[in-house]
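Residue numbers (numbering that gives the first Met the number 0), protein chains in the order written: chain L, 0 to 130; chain W, 0 to 360.
Treat the hints as calculated values from the structure; they're not laboratory data. All residues carry an ideal CB built from backbone N, CA and C; glycine is no exception. Warning: the hint list may mix true and false statements.
Claimed, not checked - Think about it this way: if two alpha-carbon atoms lie no more than 25 Å apart in a straight line, the pair counts; the simulated SDA-like pairs of lysine to any residue are:
1) W/K341 - W/G356
2) W/K289 - W/D240
3) W/K346 - W/G251
4) W/K349 - W/Q267
5) W/K341 - L/Q126
6) W/K289 - L/K11
7) W/K357 - L/S1
8) W/K319 - L/S1
9) W/K346 - L/K11
10) W/K16 - L/A83
11) W/K91 - W/K209
12) L/K64 - W/G356
13) W/K16 - L/G48
14) W/K319 - L/L36
15) W/K209 - W/A164
16) W/K16 - L/D6
17) W/K346 - L/Y41
18) L/K64 - W/G251
19) L/K11 - W/E337
20) L/K64 - W/K208
21) W/K165 - W/K208
22) L/K64 - W/N113
23) W/K16 - L/A66
24) L/K64 - W/K91
25) W/K16 - L/Q126
26) L/K64 - W/K297
27) W/K357 - W/K208
28) W/K289 - L/S1
29) W/K289 - L/A79
30) L/K64 - W/D240
31) W/K319 - L/G48
32) W/K341 - L/S1
33) L/K64 - W/A164
To be verified - Using C-beta positions, here's what the derived DEER-type ranges look like:
34) W/S78 - L/G97: 38 to 46 Å
35) L/N20 - W/S242: 30 to 38 Å
36) L/S123 - W/S305: 42 to 50 Å
Stated by the list, open to error - Per the computed footprint, the stretches of chain W lying under chain L, defined by three or more beta-carbons under 8 Å from a beta-carbon of chain L, are:
37) 111-117
38) 180-187
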Amino acid sequence: MSEVPSDLKYTKTDEWIRLENNELAVLGITDFAQEQLGDMVYVEMPDTGISIDAAGECGVVESVKTANDIYLPVAGEIVAINTALSDSPEAINLDPYGDGWIIKFKPANVDELNALLDAEAYQSKLQAEDH
Amino acid sequence: MLKQTPLYELHVESGGKMVDFSGWSMPIHYGSQVQEHHKVRQAIGMFDVSHMTVVDVEGEDAQRFLQTLLANDVGRLKSEGKALYSCMLTEKGGVIDDLIVYFMNKDWYRMVVNAATRDRDIEWINQQAQSYSVTITERPELAMIAVQGPKAEDYLAKIFAGETAKAIRDLKPFNAVICKDIFIARTGYTGEDGFEIILQANAVVQIWKKLLASDVPSIGLGARDTLRLEAGMNLYGADMDDSVTPLESGLGWTVAWEPETRDFIGRQALERQRANKPKAKLVGLLLEDKGILRDHQKVTIAGVGSGEITSGSYSPTLGKSIAFARIPSEAKIDCTVEIRGKILPVKIVKAPFVRNGKSCI
């Protein structure tokens, strides 16, 4: 059973989002997603400083066999990327909610994050997909 | 309903992530594909390949029949047990399948063909066999495992002991022997020393359990794919199919042109192509930059033309991405590949990329 921490927000495309303070959010892929994809071998991340629209592509995680796009669920500006991932992409497998974070961004409107899935709703989505 | 091999329950117990592979429920990995890959390169690992199709060709015309059916020449197999890799072609020279054929005795050859191509292979072989005095017998009751890696011989000799252990130690590469109803071949699909073993369903479960008890790790089909790619071995359906010939697939070496009188299926088409020079070739590619080469990415050779990646992946041994690509024959060394709109330089290199645990490039 994959881990779904209760204090995070989630997307239907298996990203997690943690609000660090009133204006900064962190994004990664869920434990379920890393399990599905398998061993990570490459992560492509956006340049910092750029703005991305809601549902816009904000990177690609590649496992041995597949490439998977990651999306920013709300409009925002990229303020940091996890540069450690370029040498150790396996951090996403080992610690998807910690060392495996991918980008930090400043949402254009923080309130929009409220519309994302909470842990319970994400858990139900996973269960629905299991059938 | 997916088909299951006799080892299905054991895969699930070992944490195998089961996927649909040509209608079979097979383990893609048991946790980490990359770790499994390294285990085979560095020591040992075992694969369930029972989904593959074993076909026995028996009868007084067996040799004559296979000399027509296959592009490589079974007449080259002089000693019992010797193996040969070959393509089976259409009249137009397209690859129907690639396979290994073992010369068991003058009236018996054993072929191992791909699972994905099983139906068409069996139909084609039977159709071609009609005017020969041969019996074609598929052996679905037999299971098959591959034990691969530099320590494969030691571990297998320990498990089997006695007469079989001696046979394993004495077995030369690309040879097979039958010992106490167990078919053992020193062949594989990893670029390492290793064995492929064909045996009854009840026996395979016992052997697998003994190997597990000796800490031999189970390896999924995911690592099998990265191992074979590093080893420079083609995958049917990805690197070749019936729309291309062996000459366009890096498999010219498997076509036996001599003797000229041997009229194998596809020969005329191949001879025409050889005379006119094939337009395309299959090559190895190495990406020095970060990023991963993937199937179907476009490869461009400046001033020459373009082609496509047929198998691309991350190479766990090299820590870089490698691929096979089919590109115009005139291409030399430098080309570029397009990955998500970005153009990256790649080098054409001679496969294999890795052999016996070491980089070849």
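To see whether the hints hold, each was checked on the structure:
no.	hint	verdict
1	W/K341 - W/G356	violated (32 Å)
2	W/K289 - W/D240	violated (30 Å)
3	W/K346 - W/G251	holds (22 Å)
4	W/K349 - W/Q267	violated (28 Å)
5	W/K341 - L/Q126	violated (37 Å)
6	W/K289 - L/K11	violated (29 Å)
7	W/K357 - L/S1	violated (37 Å)
8	W/K319 - L/S1	violated (30 Å)
9	W/K346 - L/K11	violated (39 Å)
10	W/K16 - L/A83	violated (29 Å)
11	W/K91 - W/K209	violated (47 Å)
12	L/K64 - W/G356	holds (21 Å)
13	W/K16 - L/G48	violated (40 Å)
14	W/K319 - L/L36	holds (19 Å)
15	W/K209 - W/A164	holds (14 Å)
16	W/K16 - L/D6	violated (29 Å)
17	W/K346 - L/Y41	holds (20 Å)
18	L/K64 - W/G251	violated (29 Å)
19	L/K11 - W/E337	violated (29 Å)
20	L/K64 - W/K208	violated (29 Å)
21	W/K165 - W/K208	holds (21 Å)
22	L/K64 - W/N113	holds (21 Å)
23	W/K16 - L/A66	holds (19 Å)
24	L/K64 - W/K91	violated (33 Å)
25	W/K16 - L/Q126	holds (18 Å)
26	L/K64 - W/K297	holds (18 Å)
27	W/K357 - W/K208	violated (30 Å)
28	W/K289 - L/S1	violated (30 Å)
29	W/K289 - L/A79	holds (20 Å)
30	L/K64 - W/D240	holds (21 Å)
31	W/K319 - L/G48	violated (29 Å)
32	W/K341 - L/S1	violated (34 Å)
33	L/K64 - W/A164	violated (37 Å)
34	W/S78 - L/G97: 38 to 46 Å	violated (60 Å)
35	L/N20 - W/S242: 30 to 38 Å	violated (58 Å)
36	L/S123 - W/S305: 42 to 50 Å	holds (47 Å)
37	111-117	violated (count 0)
38	180-187	violated (count 0)
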